[in-house]
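**Student:** Top to bottom, those sequences are chains L and F.
Each residue of the first sequence is one higher than the last, beginning at 1 in the UniProt record's numbering.
Each residue of the second sequence is one higher than the last, beginning at 1 in the UniProt record's numbering.
Don't take every hint at face value.
Okay, derived cross-link-like pairs now, DSS-like style, lysine-lysine, Cα gap no bigger than 27 Å in a straight line [unchecked claim]:
(1) F:Lys14 x L:Lys120
(2) L:Lys56 x L:Lys127
(3) F:Lys93 x L:Lys97
Hints were generated in silico from the structure; no laboratory data involved.
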Amino acid sequence: MATSNGSSTGTKITALVVDDDRVINAIHCKRLNKLGIENHVAANGKEAVDLHCSGKKFDLILMDRDMPIMNGIEATRELRAMGVRSIIVGVSTRSIKQEIQEFMDSGLDDYQEKPLTSSKVISILHKINCNEFLD
Amino acid sequence: MANTPLHQQLSIMKQSFFDEGLLDHEQVSYLETLENEDDPDFIENLFTMFLRDSSRYIDSIEKALEATPVDYSVMERMLYQLKGSSASIGASKINGETNTLRKVFHDGDIESAKASLQKLKEEHANFKEKLVIYVGMLKEAKPSEY
Chain L
1 MATSNGSSTG
11 TKITALVVDD
21 DRVINAIHCK
31 RLNKLGIENH
41 VAANGKEAVD
51 LHCSGKKFDL
61 ILMDRDMPIM
71 NGIEATRELR
81 AMGVRSIIVG
91 VSTRSIKQEI
101 QEFMDSGLDD
111 YQEKPLTSSK
121 VISILHKINC
131 NEFLD
Chain F
1 MANTPLHQQL
11 SIMKQSFFDE
21 GLLDHEQVSY
31 LETLENEDDP
41 DFIENLFTMF
51 LRDSSRYIDS
61 IEKALEATPV
71 DYSVMERMLY
81 QLKGSSASIG
91 ASKINGETNT
101 LRKVFHDGDI
111 ESAKASLQKL
121 KEEHANFKEK
131 LVIYVGMLKE
141 AKPSEY
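This is chain L alone, in the form it adopts within the complex (with noise of 0.2 Å):
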């Protein structure tokens, strides 16, 4: 069980989820909180990036794609801009493919369709393991 807090060379991994709708974000913090995960919530694209902004950093960010004020593709361009290089995954309900290759093109490492499942919170998991050992 992780108990450090660094989110760099600490064991605990931080994640941002970016969901305008709550219902959303209660079920993936849980979910990622379970694994030992610690979570920040934004409502939409633009809180994301104005918490990088005041410099917040975080291992995993959960991008929805529809979203009030600044969306998931925009926020995605802008923080891949800004030179950010958590792994983000788009998270949607989207399914036709020229959508999902329009928020992949956007900087995405991942893209998942809603609903997030356990086994797919676990390979995106692994995902972040495998960097943290490359860093």
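With chain L fixed as given, assemble chain F onto it according to the hints.
**Tutor:** Quick look at chain F alone, frame taken from chain L:
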């Protein structure tokens, strides 16, 4: 684990949700794995949150559809919200009706969309009625101490 009449009723009611296709068994089982001693009210709170939010979404959809001209961007956003939200808690019938409404709406048939919305509202009202009772029973069944 207590097996009082209330717990038995809860079990039966939960099963009927699955049998009637109102809730998806797999998704609910997944949500139940997230509940623990630190947050024993997780599922009740989630269901309550969903009922409140989904009512808002449906209201917005109705207003957007009744507007002249129809407010397409609000419709799009609300339909996707409801689709994602309902799938997340396993509300299968609501999710299904939302998808139907989405399809009809995208086909451009506003009158059929309005009819589809009525169907969605009925499903939602039915689901809400039953889920409110279920949540009430869940609260009652919470042991204060054994």
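**Student:** Indicate, hint by hint, whether the structure satisfies it.
**Tutor:** For each hint, the structure was consulted:
no. : hint               : verdict
1   : F:Lys14 x L:Lys120 : holds, 26 Å
2   : L:Lys56 x L:Lys127 : holds, 21 Å
3   : F:Lys93 x L:Lys97  : holds, 25 Å
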